[in-house]
Amino acid sequence: MGIELQNITKKFTGYTALDNISLNVASGELVALLGPSGCGKTTLLRIIAGLELPDSGKIILEQKDTTNLPPRKKNVGFVFQHYALFRRLTVFENVAFGLKVLPMRERPSRSAIQERVEHLLKLVQMDWAIKRYPSQLSGGQRQRVALARALAVNPKVLLLDEPFSALDAKVRQELRRWLRKLHDEIHVTSIFVTHDQEEALELADRIVVINKGRIEQQGTPQEVYDHPVNAFVYNFLGNVNVFHGRIKNGKVTLGTHHVDAPDELKHTEERASQAFVRPHEIGISRIRSAETDLAGTIQEVRIMGGQIGLNLACEGFEHPIDAEIQRELYLNLQLAKGEKVFVSLNRVRVFTSDYEI
Amino acid sequence: MLKQPTPESAPIIKKRISDPLPVQMALIGLTLLFFITFIFLPLGLVFAQAFSKGWEYYLESIREPYALEAVKLTLTTVAIVVPLNALFGVTAAWAITKFNFRGKAALKTLLDLPFAVSPVIAGLIFVLLVGSRTPFGSWLGEQGIKIIFSTPGIVIATLFVTFPFVARELIPLMEAQGRDEEEAALTLGARGWQIFGKITLPNIRWGLLYGMILCSARSIGEFGAVSVVSGHIRGQTNTIPLHVEILYSEYNFAASFSVASILVFLALLTVGVKVTLEKQFQKNSFHH
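Which chain is which? The protein sequence lines are A and B, in order. With the working numbering applied, the first sequence covers 1 to 357. With the working numbering applied, the second sequence covers 1001 to 1288.
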């Protein structure tokens, strides 16, 4: 096992950042800690690195209890949100830093350091910038150098704290794919923190959803996305339409409509429920194809590139419903603001817990 | 990182901020008048007085043994005070910006105390603390240690008066830089002294030097606090400013101003170093 966290708790004055968190990460795995800001995910990462101490619990890295070790003995690579490159040092000196501060007898020779730094900079495609200073590089380039610097000390574990959040959208996406590829090559056990569900879904082998200092759910991106265990996870993993209603006799009320309750809630007593539908799982057509279709009017059209966002006022629903459809369909149906359409709600998810959203 | 103004936006700003010509002239004129009255004229007069009895008298006045002793004492004081206050300033700035502890805000405010208190009172505090009539002072006297009316007293009083300079300079700088780089170094296996030597010190070096320059300037010129603890013993406890004052009160104007001109030269030197450093500092913070 690469990383074992046992019952980690951390309290700051006034609130609990981490509430009894236990988590295992297999060797070579790439795990995403996903959650809203302030949920404790960064604190957890800093605790693993030794930059903070937990109030209680154990951190075991590669079978070794490292809970009370100082950061320098943990052998952990850390990549910061704002790069944290050493501004007075060149790219070469930055990457070589971790090797040059080793005690004399462990320190590689000058030529070995040179070789390792060059190798790492090639790996992150930054070998051309070896003599530059951080201020002469773009954000994406700096973060690659930061990654090379973290890898230089051969860390047992690589920790990345929102590594792409300070970059613009295009670079972020590029770097994300590149990191996934890099991880497939070097296989270092990695945890990255993010609040961006797309990033977690695309990049991670496994996603751990955290909220208010607790783990809500963990699993592969597919599992978490397709089978969210509660309303929070469902809501956090993408855009949603929420319908507040009641469950009664195996049926859920959605406005004036009813749909079948999910199996596990078929025989529950009457209670409040929340039903969710993702905007891209809403069907739009010009003709009524099923009894349950809703009649609606397009109130607003948003062009979002390949997707078109529709804001629909539906009969029997208090709040408008958001839908996203392909551009093709939008053009074929000749939709426009004020047009009447039929709306089908596919894949309605129902939860009974009382999550505040 | 500073944002450079784009070339397109520059002329717009220029247009907007330019005031009517008469206003500009009036403001520039006032500034010049002030400079002439309060800086150029007095400085000129210092030299005029210093040379009023000719070159030879000038050289004699500054080569006279008491004057040389005063210069020596002043430079000794600066040589002790500036490194100590640099050390203290870095320590205080480090503690205030990198750690969280109770009373941090109060400490930050108290740092300004030496600026707020009149230097005379600062001197008197030390007389009351370690003067020969206090129990502690008489005990020290029995051990053969003399503080008031001797060099240690002058050093201590100067230390007190100048201790905020370095810390004041470093705190905002270190606050802006944050702890990220130190934390990165920590995760890369560096020890405390390596982090300080390789990361922190290079990042603050210009600010530190600048603070030390200000500290030197004030140490050289300090009069009030030093005057109280010195006892004005010629050739022993007279710093340059005190020597100037003694000569002046003896109506020996030419000699007084000759020695004062040494202070002017030292001041010009520190200002010169300061300007050079400021340019370096700006260039550096612009690049990084």
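Mixed in with the good hints there might be a few duds.
Covered stretches of chain B, going by a simulated chain A footprint (3 or more residues, C-beta under 8 Å) [to be verified]:
#	region
1	1178 to 1185
2	1194 to 1205
Below, computed lysine-lysine pairings styled on DSBU-like, alpha-carbon distance capped at 35 Å [stated by the list, open to error]:
#	chain 1	residue 1	chain 2	residue 2
3	A	Lys131	A	Lys58
4	A	Lys11	A	Lys64
5	B	Lys1098	A	Lys73
6	A	Lys251	A	Lys58
7	B	Lys1104	A	Lys73
8	B	Lys1098	A	Lys131
9	B	Lys1104	A	Lys212
10	B	Lys1198	A	Lys212
11	B	Lys1146	A	Lys131
12	B	Lys1146	A	Lys73
13	B	Lys1198	A	Lys11
Just so you know, these hints were derived from the structure itself, not from any lab. Where is the CB? At the ideal position from N, CA and C, for every residue including glycine.
Status of each hint after checking the structure:
1. 1178 to 1185: With 5 residues closer than 8 Å to chain A, the region 1178 to 1185 of chain B meets the three-residue bar; holds.
2. 1194 to 1205: holds (count 5)
3. Lys131(A) - Lys58(A): violated (41 Å)
4. Lys11(A) - Lys64(A): Holds - the C-alpha atoms of Lys64(A) and Lys11(A) are around 25 Å apart, at most 35 Å.
5. Lys1098(B) - Lys73(A): holds (21 Å)
6. Lys251(A) - Lys58(A): Judged against 35 Å, a Cα distance of about 46 Å means the pair is violated.
7. Lys1104(B) - Lys73(A): holds (30 Å)
8. Lys1098(B) - Lys131(A): holds (30 Å)
9. Lys1104(B) - Lys212(A): Distance of about 30 Å is within 35 Å: holds.
10. Lys1198(B) - Lys212(A): Measuring from Cα to Cα gives roughly 38 Å; hence the hint is violated.
11. Lys1146(B) - Lys131(A): violated (57 Å)
12. Lys1146(B) - Lys73(A): violated (50 Å)
13. Lys1198(B) - Lys11(A): holds (33 Å)
Going through the hint list in order, the structure does not satisfy hints 3, 6, 10, 11, 12.
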